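Colleague: Sequence:
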Amino acid sequence: MASVVDIALPRPPPTPSFRKIRAASRGFELLFAALFVGFIALAVFSLWVLWFYQGTLITVGPRGGLISTTSPPADFIPFRNWPVGEKIAYTPDVIFRAIPTILLCWCLRSLFRGYGRGEVFTARNAGLIKVIGVCLIAAAAAPFLCHLVLAATGYEIDKMWAHMVAVQQLVLGAVVFVIALVMQAGHEIEQDREGFI
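Just so you know, we're using the working numbering here: the sequence shown kicks off at 1 and counts up by one.
I should point out that these hints are in silico values taken from the structure, not numbers from a laboratory.
Don't take every hint at face value.
Stated by the list, open to error - Computed list of lysine to aspartate or glutamate pairs in EDC-like fashion (alpha-carbon distance at most 20 Å, straight line):
{"#": "1", "residue 1": "87", "residue 2": "156"}
{"#": "2", "residue 1": "87", "residue 2": "75"}
{"#": "3", "residue 1": "130", "residue 2": "119"}
What the hints assert, rightly or not - The calculated label-pair distances, taken between Cβ atoms and stated as ranges, are:
{"#": "4", "residue 1": "154", "residue 2": "19", "range": "53 to 61 Å"}
{"#": "5", "residue 1": "99", "residue 2": "179", "range": "31 to 39 Å"}
{"#": "6", "residue 1": "63", "residue 2": "120", "range": "41 to 49 Å"}
{"#": "7", "residue 1": "117", "residue 2": "154", "range": "50 to 58 Å"}
{"#": "8", "residue 1": "55", "residue 2": "179", "range": "42 to 50 Å"}
{"#": "9", "residue 1": "80", "residue 2": "167", "range": "30 to 38 Å"}
{"#": "10", "residue 1": "186", "residue 2": "144", "range": "32 to 40 Å"}
{"#": "11", "residue 1": "167", "residue 2": "65", "range": "17 to 25 Å"}
{"#": "12", "residue 1": "27", "residue 2": "167", "range": "29 to 37 Å"}
{"#": "13", "residue 1": "30", "residue 2": "144", "range": "19 to 27 Å"}
{"#": "14", "residue 1": "15", "residue 2": "63", "range": "49 to 57 Å"}
{"#": "15", "residue 1": "153", "residue 2": "65", "range": "14 to 22 Å"}
{"#": "16", "residue 1": "124", "residue 2": "55", "range": "30 to 38 Å"}
{"#": "17", "residue 1": "191", "residue 2": "63", "range": "49 to 57 Å"}
Bear in mind that the values here come from a model prediction, so they are computed numbers and not experimental data.
By construction, the Cβ of each residue, glycine as well, lies at the ideal position given by its N, Cα and C atoms.
With the hints as extra help, turn the sequences into a complete structure.
Modeller: Put into structure tokens, the structure is as follows:
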């Protein structure tokens with residue numbers, strides 16, 4: 001009776017560039033973990049301001065948000081003066097705009113955590129990069145979609161919602177998504193090549 005023993009080849013030592021990727025990735029993992037927590041805190045703070053803030057330091061008007069220690073301009077409305085219907089209309093707006101950025105930071109943290117463990121060209125990383133691209137596209141589209149909904153409700157205050165950064169995010173998101181598809185195809189080719197050995 002014969003026994004088959006699977007003997008794995010020893011893993012080659014990491015190259016200097018691979019070691020640099022792993023070292024740098026640990027710092028980026030911590031950065032994006034901190035940003036993830038920070039953006040959640042910002043979203044919670046924004047909802048608190050919307051519903052409970054009674055001061056005039058933070059206001060919103062037709063030209064956007066304003067933080068000022070002086071009295072706000074006449075066309076800027078303190079949050080304490082907002083009707084309940086307006087607060088209800090803006091609550092999903094705050095959440096909808098925050099979710100893509102929060103998810104983006106989580107995916108970047110996960111991506112760099114994988115890099116730190118030595119996982120570089122994997123299907124998981126290609127999937128994470130796809131989600132990062134989608135998050136960038138969603139973050140770019142969120143102001144426009146929120147504008148449509150708020151304009152339909154009649155509660156829109158900020159008339160200057162369109163910014164060039166949204167176009168840049170949209171293009172960058174599309175590019176990142178395509179890069180993820182290329183990475184995934186490369187990973188599949190590499191797996192096929194390993195299957196023939």
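Colleague: The structure should be examined with respect to each hint, and the outcome stated for every one.
Modeller: Hints versus structure:
With a C-alpha separation of about 11 Å, the suggested pair residue 87 and residue 156 falls inside the 20 Å cut-off, and the hint holds. With a C-alpha separation of about 18 Å, the suggested pair residue 87 and residue 75 falls inside the 20 Å cut-off, and the hint holds. As the CA atoms of residue 130 and residue 119 are separated by approximately 16 Å, the hinted pair is consistent with the 20 Å bound. One distance hint, 53 to 61 Å for the beta-carbon pair residue 154 and residue 19, holds here, with the actual separation near 58 Å.
Taken as a hint, the range 31 to 39 Å is violated for the pair residue 99 and residue 179, whose Cβ atoms sit roughly 23 Å apart. For the pair residue 63 and residue 120, the supplied restraint of 41 to 49 Å holds, since their beta-carbon distance comes to about 46 Å. As the Cβ distance of residue 117 to residue 154 is approximately 51 Å, the hint placing it in 50 to 58 Å holds. At roughly 45 Å, the beta-carbon separation of residue 55 and residue 179 lies within the given 42 to 50 Å, and the hint holds.
A hinted range of 30 to 38 Å holds for the C-beta pair residue 80 and residue 167, which are about 35 Å apart. Our hint of 32 to 40 Å for residue 186 and residue 144 holds, since their Cβ atoms are close to 34 Å apart. Between residue 167 and residue 65 the Cβ separation comes to about 21 Å, which falls inside the hinted range of 17 to 25 Å. Range check, residue 27 to residue 167: Cβ separation about 30 Å, and the 29 to 37 Å hint holds.
Taken as a hint, the range 19 to 27 Å is violated for the pair residue 30 and residue 144, whose Cβ atoms sit roughly 33 Å apart. Taken as a hint, the range 49 to 57 Å holds for the pair residue 15 and residue 63, whose Cβ atoms sit roughly 53 Å apart. Range check, residue 153 to residue 65: Cβ separation about 19 Å, and the 14 to 22 Å hint holds. Between residue 124 and residue 55 the CB atoms are about 46 Å apart, so this pair departs from the stated range of 30 to 38 Å.
For residue 191 paired with residue 63, a C-beta distance near 54 Å keeps the hint of 49 to 57 Å intact.
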